[in-house]
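Chemist: The residues making up each chain are set out below.
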Amino acid sequence: MKISFPNYRSGTLLTRKQGTSFIISSVVIGLFAGIGGSHFLENNFALLTIAVLGIAGILLCLGVAGRPLLSWSKVERARSAPIKKNAPQTTSGWNYRPRKAIRRSAAVDSTRAEMADVLSPEPFAINNNGWLNDDALECPAHTFINRDPTVEDATAEAPLLGHASPVSVYD
Amino acid sequence: MCLLDDDPSVLKGLSRLFASADLHAEAFGDPEEFLRYVRTHRPAVVLIDVHMPQMSGLEVQSRLRKISPSTRVIIFTGKDDPLVRSTALNAGASAFFTKPFDDEELLTAVRLGLASAA
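Here the protein sequences line up with chains A and B, keeping their order. The numbering used here applies: residue 1 is where the first sequence begins, and numbers increase by one. The numbering used here applies: residue 1 is where the second sequence begins, and numbers increase by one.
Accuracy of the hints is not assured; some may be wrong.
Simulated restraints, written as ranges between beta carbons of each label pair [as the list claims (entries may be wrong)]:
hint : chain 1 : residue 1 : chain 2 : residue 2 : range
1    : B       : LYS12     : A       : ILE24     : 47 to 57 Å
2    : B       : ARG16     : A       : SER25     : 29 to 39 Å
3    : A       : ALA65     : B       : SER20     : 52 to 62 Å
4    : B       : ILE67     : A       : ASP134    : 46 to 56 Å
5    : B       : GLU59     : A       : ASP134    : 57 to 67 Å
6    : B       : ARG42     : A       : ASP134    : 16 to 26 Å
7    : A       : PHE22     : B       : SER9      : 16 to 26 Å
8    : B       : GLN54     : A       : ASP134    : 26 to 36 Å
9    : B       : SER20     : A       : PHE22     : 54 to 64 Å
10   : A       : ASP134    : B       : ARG39     : 57 to 67 Å
Note that these hints are calculated values from the structure, not bench results. Since the model is a prediction, treat every value here as computed from it, not as a measurement. We put the beta carbon where it would ideally sit given N, CA and C, even for glycine.
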């Protein structure tokens, strides 16, 4: 089973924080400028209009300055898209690979195996964990003949005395 | 071809394996249902798991032999018991596998079974 975890980057979080602070600061600047301006000018309409226009200009400049910031956040979003593909994934599969040591050691250690061998010496072609009954198939089959005796010899010495009856996780 | 195992994940895995080799297999989780199917369809090859709660795979093999003697039987199990193995093979099983087994080897055994049954 393979589990992979996503790599979250702090850049996305920072961009969001910057955007929020930009909006808040704009509102605060506008509010103070309006209050301060109206108080300072004492209902002088012409100058008040100029002040409002000035504030609007400042805000516009800030907006222009903030545009690259917004586009940067878009880039960050695009970057984070493939990261979602790396969300935790569980992949399971059935491993058909033979566990060579278990069968052979069981045949060696089990007294029942000895009994069975005495009762019926196997005339069957043997592979690592497959036995083919040539009589039943009525045709020669070499597929299950073990082509790698060195592996079998090595595994026969595996100390698995505690596993008289090996159990597969699949059954 | 038929599959009999009480474990749905094994049935699913084997069905996919055979589908990838262009072999169609009917999957069964219940031995009685499997035997009912065999009575009418007489499959060429069957794969039977040994350890099932309802009925032993060896018993299924024995009953199957009476119902359809020409059907090739491949036995597979997760517990390697030499006595079970020799019993199954002496009772006429074409092949005996212990899990986890090599998929190519299983496919070869199935193909040999299909060829000899034809």
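Chemist: Which hint numbers doesn't this structure obey?
Modeler: Violated hints: 2, 4, 5, 7 and 10; rest satisfied.
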